[in-house]
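Asks: Here is what each chain is made of, one letter per residue.
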Amino acid sequence: MRTVVIGAHLRRDDIEPAAAALAAGGVFLSGVEVPDDQPLGDRALLLRVAETRAGLLDRATFIAIRYGFAARSEAEAAAKVAPHVTRWQQLLSDHRNDVEMTLKIAATTSKPRPDRRAFDSGASYLKALHEATQAATIDEAFRAAVEQKLVAKRRKWIHRDNQSMELVALVARNAIDEIRAAGEELKRDFPHVAFMLSGPWPLEVFADDDHE
Amino acid sequence: MPDEDAADLSLLEALDHLLDRGVVIAGEAIISIGDVDLLYLGLNIVLANVDAVARVSRR
Amino acid sequence: MMITNDEERLRQQLSFTESTIPSRISADPEVVENGLARLVLAIIELVRRLLEKQALRRMDGGNLTEEEIERLGEALMKLEEKMAEMKRVFGLEDDDLNLSLGPVKTLD
Numbered sequence: 209m210r211t212v213v214i215g216a217h218l219r220r221d222d223i224e225p226a227a228a229a230l231a232a233g234g235v236f237l238s239g240v241e242v243p244d245d246q247p248l249g250d251r252a253l254l255l256r257v258a259e260t261r262a263g264l265l266d267r268a269t270f271i272a273i274r275y276g277f278a279a280r281s282e283a284e285a286a287a288k289v290a291p292h293v294t295r296w297q298q299l300l301s302d303h304r305n306d307v308e309m310t311l312k313i314a315a316t317t318s319k320p321r322p323d324r325r326a327f328d329s330g331a332s333y334l335k336a337l338h339e340a341t342q343a344a345t346i347d348e349a350f351r352a353a354v355e356q357k358l359v360a361k362r363r364k365w366i367h368r369d370n371q372s373m374e375l376v377a378l379v380a381r382n383a384i385d386e387i388r389a390a391g392e393e394l395k396r397d398f399p400h401v402a403f404m405l406s407g408p409w410p411l412e413v414f415a416d417d418d419h420e
Numbered sequence: 008m009p010d011e012d013a014a015d016l017s018l019l020e021a022l023d024h025l026l027d028r029g030v031v032i033a034g035e036a037i038i039s040i041g042d043v044d045l046l047y048l049g050l051n052i053v054l055a056n057v058d059a060v061a062r063v064s065r066r
Numbered sequence: 003m004m005i006t007n008d009e010e011r012l013r014q015q016l017s018f019t020e021s022t023i024p025s026r027i028s029a030d031p032e033v034v035e036n037g038l039a040r041l042v043l044a045i046i047e048l049v050r051r052l053l054e055k056q057a058l059r060r061m062d063g064g065n066l067t068e069e070e071i072e073r074l075g076e077a078l079m080k081l082e083e084k085m086a087e088m089k090r091v092f093g094l095e096d097d098d099l100n101l102s103l104g105p106v107k108t109l110d
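Top line first, the protein sequences correspond to chains A, B and C.
Its first residue numbered 209, the first sequence is counted upward by one per residue in my numbering.
Its first residue numbered 8, the second sequence is counted upward by one per residue in my numbering.
Its first residue numbered 3, the third sequence is counted upward by one per residue in my numbering.
In case anyone wonders, no lab produced these hints; they're calculated from the structure.
There's no promise every hint is true.
[Unchecked claim] Straight line, CA to CA, 25 angstroms or less: simulated BS3-like cross-link-like pairs of lysine-lysine:
| id | chain 1 | residue 1 | chain 2 | residue 2 |
| --- | --- | --- | --- | --- |
| 1 | C | K80 | A | K319 |
| 2 | A | K361 | A | K335 |
| 3 | C | K80 | A | K335 |
| 4 | A | K361 | A | K395 |
| 5 | C | K55 | C | K84 |
| 6 | C | K55 | C | K89 |
| 7 | A | K319 | A | K357 |
| 8 | C | K89 | A | K288 |
| 9 | A | K357 | A | K395 |
| 10 | A | K335 | C | K55 |
| 11 | A | K364 | A | K319 |
| 12 | C | K84 | A | K335 |
| 13 | C | K80 | C | K55 |
| 14 | A | K319 | A | K335 |
| 15 | C | K55 | A | K364 |
[Claimed, not checked] From the structure, some residues in chain C lie toward chain A, with a derived Cβ separation under 10 angstroms:
| id | residue |
| --- | --- |
| 16 | E10 |
| 17 | R26 |
| 18 | V33 |
| 19 | D62 |
| 20 | I71 |
| 21 | E72 |
For every residue, glycine included, the Cβ atom is placed at its ideal position computed from N, Cα and C.
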């Protein structure tokens, strides 16, 4: 039996009975048990994990672990996450009642994809590709409206690709309805701006250790 | 939007968050030449971020 | 919760997330549409794009050495070149390398 790890939580009862809990020296890891012969690439398993993840978020916020980590024992899981435990404990207690909301927005202008044939070194090509992802801009009026209406504790704008931008907001769990209302307003006021507001999500972006 | 579509999109978005912008390729097919069926192909591929735990790789 | 005002575009963007294969595939070299080569190349193309996304994410992280950046960039250029060559060999266009998921969802 392996345990596909879903998240890091502050307390064991944040996890049980919705999922299996593994003690990891200061935090608890949630997971779904899978037989050794079931490949992790199984779509049905993915769906089961996604569902469990959502159920866990209903209980309390947690730090999301990306799909792919399957521990064979509690000891193995604890060892793997050991370097992060102290930081995670702090995050989990600071943000126990917070969740992430994601706003994806289609870009209005973007830099065209660089042509590899115009570059004579790998580094210059990769840097040009990177620059192109940073160049996307979105409707200014929409952006201003988002800044004003989407009230959040923290916000982070992210350039994921050269065709869109993403805003990840850290909000109080009990503010989700207000966010939903803001989303409906944006939809009504900006019919020409393609966007998607989704959530709630566990701590993903705001659990990154490059977060200031 | 119709309910099935909404559930559909929700699922895709949930997978997107779970895989952190990874991908699932799934399906079954029969491989044939002309009208002769020859092989069954079943695919369940997941492409995901290599570092599940450290979300930003730092030295 | 999900609120959107452009399901179509959203589907296309999210379609990257889940692709399915056609239920009938021809191994006959004369067949291009729903051919085996098309399927294999579509999957390789998908892997190539993901590799690129991951490399760009590492660039975001800002902790790649100059050498690593050169190496990654070089490899990505070569992969792209190989794909272009393979497409020519099999008579495939970019559009042909979409793994369709029903009427709307495509690779790009």
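Asks: Compare the structure with each hint and give your call.
Replies: Results of checking the hints against the structure:
no.: 1; hint: K80/C with K319/A; in the structure: holds, 22 angstroms
no.: 2; hint: K361/A with K335/A; in the structure: violated, 33 angstroms
no.: 3; hint: K80/C with K335/A; in the structure: holds, 16 angstroms
no.: 4; hint: K361/A with K395/A; in the structure: holds, 22 angstroms
no.: 5; hint: K55/C with K84/C; in the structure: holds, 18 angstroms
no.: 6; hint: K55/C with K89/C; in the structure: holds, 21 angstroms
no.: 7; hint: K319/A with K357/A; in the structure: violated, 29 angstroms
no.: 8; hint: K89/C with K288/A; in the structure: violated, 42 angstroms
no.: 9; hint: K357/A with K395/A; in the structure: holds, 12 angstroms
no.: 10; hint: K335/A with K55/C; in the structure: holds, 13 angstroms
no.: 11; hint: K364/A with K319/A; in the structure: holds, 22 angstroms
no.: 12; hint: K84/C with K335/A; in the structure: holds, 21 angstroms
no.: 13; hint: K80/C with K55/C; in the structure: holds, 16 angstroms
no.: 14; hint: K319/A with K335/A; in the structure: holds, 13 angstroms
no.: 15; hint: K55/C with K364/A; in the structure: holds, 19 angstroms
no.: 16; hint: E10; in the structure: holds, 9 angstroms
no.: 17; hint: R26; in the structure: violated, 20 angstroms
no.: 18; hint: V33; in the structure: violated, 27 angstroms
no.: 19; hint: D62; in the structure: holds, 8 angstroms
no.: 20; hint: I71; in the structure: holds, 5 angstroms
no.: 21; hint: E72; in the structure: holds, 4 angstroms
Checked against the numbered hints above, the structure breaks hints 2, 7, 8, 17, 18 and satisfies the rest.
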